[in-house]
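Enquirer: I would like the entire structure built from these sequences, with the hints used as guidance.
Heads up: the sequence lines are chains A and B, in that order.
Count the first sequence with my numbering and you get residues 1 to 277, in order.
Count the second sequence with my numbering and you get residues 1 to 277, in order.
Quick caveat, the hints were computed from the structure, so don't treat them as lab data.
Predicted model only: the values in this text are computed from it and were never measured.
Certain hints may be false.
Which copy is meant is left open, because identical chains are indistinguishable; a pair holds if it fits in one copy or across any two.
[Stated by the list, open to error] Below, computed lysine-lysine pairings styled on DSSO-like, alpha-carbon distance capped at 30 Å:
no.: 1; residue 1: K277; residue 2: K7
no.: 2; residue 1: K277; residue 2: K41
no.: 3; residue 1: K196; residue 2: K62
no.: 4; residue 1: K233; residue 2: K8
no.: 5; residue 1: K7; residue 2: K239
no.: 6; residue 1: K40; residue 2: K233
no.: 7; residue 1: K8; residue 2: K246
no.: 8; residue 1: K62; residue 2: K40
no.: 9; residue 1: K239; residue 2: K40
no.: 10; residue 1: K185; residue 2: K8
no.: 11; residue 1: K70; residue 2: K246
no.: 12; residue 1: K62; residue 2: K138
no.: 13; residue 1: K185; residue 2: K138
no.: 14; residue 1: K27; residue 2: K277
no.: 15; residue 1: K7; residue 2: K62
2 protein chains.
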Amino acid sequence: MNIEIVKKNKTFDGETIFYRHQSTFTKTPMNFSAFLPASKKIDSAIIWLSGLTCTEENFIVKAGAQNYLKNTNTMIICPDTSPRELSLPEEHDSYDFGSGAGFYLNATTEGYSDHYQMYDYISIELISILKDYFKVDKVSITGHSMGGHGALVLGLREKDLFASVSAFSPIVNPTNCEWGKKAFKGYLGTVNEEAKRYDATELLKQGHIRGDSILIDQGLDDEFYPDQLLTQKLESTAKEVGQDLKVNYREGYDHSYFFISTFIESHIRFHIEHLNK
Amino acid sequence: MNIEIVKKNKTFDGETIFYRHQSTFTKTPMNFSAFLPASKKIDSAIIWLSGLTCTEENFIVKAGAQNYLKNTNTMIICPDTSPRELSLPEEHDSYDFGSGAGFYLNATTEGYSDHYQMYDYISIELISILKDYFKVDKVSITGHSMGGHGALVLGLREKDLFASVSAFSPIVNPTNCEWGKKAFKGYLGTVNEEAKRYDATELLKQGHIRGDSILIDQGLDDEFYPDQLLTQKLESTAKEVGQDLKVNYREGYDHSYFFISTFIESHIRFHIEHLNK
Numbered sequence: 001m002n003i004e005i006v007k008k009n010k011t012f013d014g015e016t017i018f019y020r021h022q023s024t025f026t027k028t029p030m031n032f033s034a035f036l037p038a039s040k041k042i043d044s045a046i047i048w049l050s051g052l053t054c055t056e057e058n059f060i061v062k063a064g065a066q067n068y069l070k071n072t073n074t075m076i077i078c079p080d081t082s083p084r085e086l087s088l089p090e091e092h093d094s095y096d097f098g099s100g101a102g103f104y105l106n107a108t109t110e111g112y113s114d115h116y117q118m119y120d121y122i123s124i125e126l127i128s129i130l131k132d133y134f135k136v137d138k139v140s141i142t143g144h145s146m147g148g149h150g151a152l153v154l155g156l157r158e159k160d161l162f163a164s165v166s167a168f169s170p171i172v173n174p175t176n177c178e179w180g181k182k183a184f185k186g187y188l189g190t191v192n193e194e195a196k197r198y199d200a201t202e203l204l205k206q207g208h209i210r211g212d213s214i215l216i217d218q219g220l221d222d223e224f225y226p227d228q229l230l231t232q233k234l235e236s237t238a239k240e241v242g243q244d245l246k247v248n249y250r251e252g253y254d255h256s257y258f259f260i261s262t263f264i265e266s267h268i269r270f271h272i273e274h275l276n277k
Numbered sequence: 001m002n003i004e005i006v007k008k009n010k011t012f013d014g015e016t017i018f019y020r021h022q023s024t025f026t027k028t029p030m031n032f033s034a035f036l037p038a039s040k041k042i043d044s045a046i047i048w049l050s051g052l053t054c055t056e057e058n059f060i061v062k063a064g065a066q067n068y069l070k071n072t073n074t075m076i077i078c079p080d081t082s083p084r085e086l087s088l089p090e091e092h093d094s095y096d097f098g099s100g101a102g103f104y105l106n107a108t109t110e111g112y113s114d115h116y117q118m119y120d121y122i123s124i125e126l127i128s129i130l131k132d133y134f135k136v137d138k139v140s141i142t143g144h145s146m147g148g149h150g151a152l153v154l155g156l157r158e159k160d161l162f163a164s165v166s167a168f169s170p171i172v173n174p175t176n177c178e179w180g181k182k183a184f185k186g187y188l189g190t191v192n193e194e195a196k197r198y199d200a201t202e203l204l205k206q207g208h209i210r211g212d213s214i215l216i217d218q219g220l221d222d223e224f225y226p227d228q229l230l231t232q233k234l235e236s237t238a239k240e241v242g243q244d245l246k247v248n249y250r251e252g253y254d255h256s257y258f259f260i261s262t263f264i265e266s267h268i269r270f271h272i273e274h275l276n277k
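Expert: Quick look at the structure:
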């Protein structure tokens, strides 16, 4: 495994590290960041999936998560949100498609199908990096917005891979909102049955139910909540199909990292509880 | 007082707010950020002065300070590091002079003397904003690198304005390092007696001694420590002149915000203890 350390910064007695490696699935170099607490027996990991426009840097710089992991045996790993260093058609034209907007799916459209394989990149390659390079046993997954969508979809479809699933402000029903429709048209050609396999609400309807409870935090002053995130669609479907789900609606909070930094401690505690079971 | 709120983000039950106002001293619009905890009786403030290249945004986004202020009556306020929206000679040519590099002094060179009045901006205008707009009684000051220099200089020269003084990785003897010499030449024409009034080590020699203890944290893997920061110059001078000073040398830590985020809690506790005396 050819994983290069780009830089290291000592943080809360552990290390914040930026990595780069050649991905089998995206056929590009991929970047990720991680925080490794000082513990000599790190045995579990939380995957953080970021939202639109983000890189591997945003969360690890802004969320303050290191403080809550410092005395644990759990690391956090934050992949980039798309392949980089490519020039595919329309790839760099908008913030919500192409670079910075991989939507954690396997693309099938021409050009994109060669590289935008983020679902496999996370569920196969990043998982094997965690197991083989970081020697981690158990993994949980969370994320924000587009990354919350990724965490829910991966957590529902790959139940056995993840000890627990949570999300901040996730896009819960992307076949039903503009962000999702645009992405699915660009990456899959149309909003088809395949698209529904990347839609948490649709996955619940298809019977992808987890035995454990999913945790979501959603700000009520989030500008994207009414039209793009559609949290209540997931909540009502979860009730119908019997998926245990706890949504904390947070008055006055918006879509920003200030919101994430406020509630990341509770998500980290939630995951560590499951990882240590 | 014409202070405009640019944006607000609810954070840890309080508010992270970005402000803009027309400054009397810089004769430009100036930006600052602040975190106001949820308390209804905020009565004290910490001023954070940022380092080279920073704006009012870096600290409030990256340091995680809100978490440690959330249950207190103390706000934090973070001014920009220089005037903006000007085109003075060489102002935008390098990272360590001009925009983003105001050095918290009153410039006397042509062009700069009209706007780069950061010492007065902080010690007069920002203080009166704190007292009149935010209705705060007591103020402490801290900062990083160039901002650590600013905090030490302001804290030594304006003893009665500040309840306590601390710094992260400060430039403690700028008349003796390249960053400082370049700034003093550009802003004051030469490294003269006036420059020594913006040099913490020189101020100690001149008899500017505080009755309370100054707190400094310095990473030992900080690339700027040996040639630019010169922490030990301040430490030995403080011993000679009887200034109480505690320097925590931190093994493995560098000059980054990861370092600041690790130790900001201890600085906040230090200031709050003095502010509540």
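Enquirer: Each hint should be assessed against the structure and marked as holding or not.
Expert: Hint check:
no., hint, in the structure
1, K277 / K7, "neither (33 Å within a copy, 42 Å between copies)"
2, K277 / K41, "within (16 Å within a copy, 43 Å between copies)"
3, K196 / K62, "neither (32 Å within a copy, 37 Å between copies)"
4, K233 / K8, "between (41 Å within a copy, 28 Å between copies)"
5, K7 / K239, "neither (45 Å within a copy, 37 Å between copies)"
6, K40 / K233, "neither (43 Å within a copy, 37 Å between copies)"
7, K8 / K246, "between (36 Å within a copy, 27 Å between copies)"
8, K62 / K40, "both (26 Å within a copy, 27 Å between copies)"
9, K239 / K40, "neither (42 Å within a copy, 40 Å between copies)"
10, K185 / K8, "neither (39 Å within a copy, 35 Å between copies)"
11, K70 / K246, "both (26 Å within a copy, 25 Å between copies)"
12, K62 / K138, "both (25 Å within a copy, 29 Å between copies)"
13, K185 / K138, "neither (34 Å within a copy, 58 Å between copies)"
14, K27 / K277, "neither (36 Å within a copy, 61 Å between copies)"
15, K7 / K62, "both (17 Å within a copy, 18 Å between copies)"
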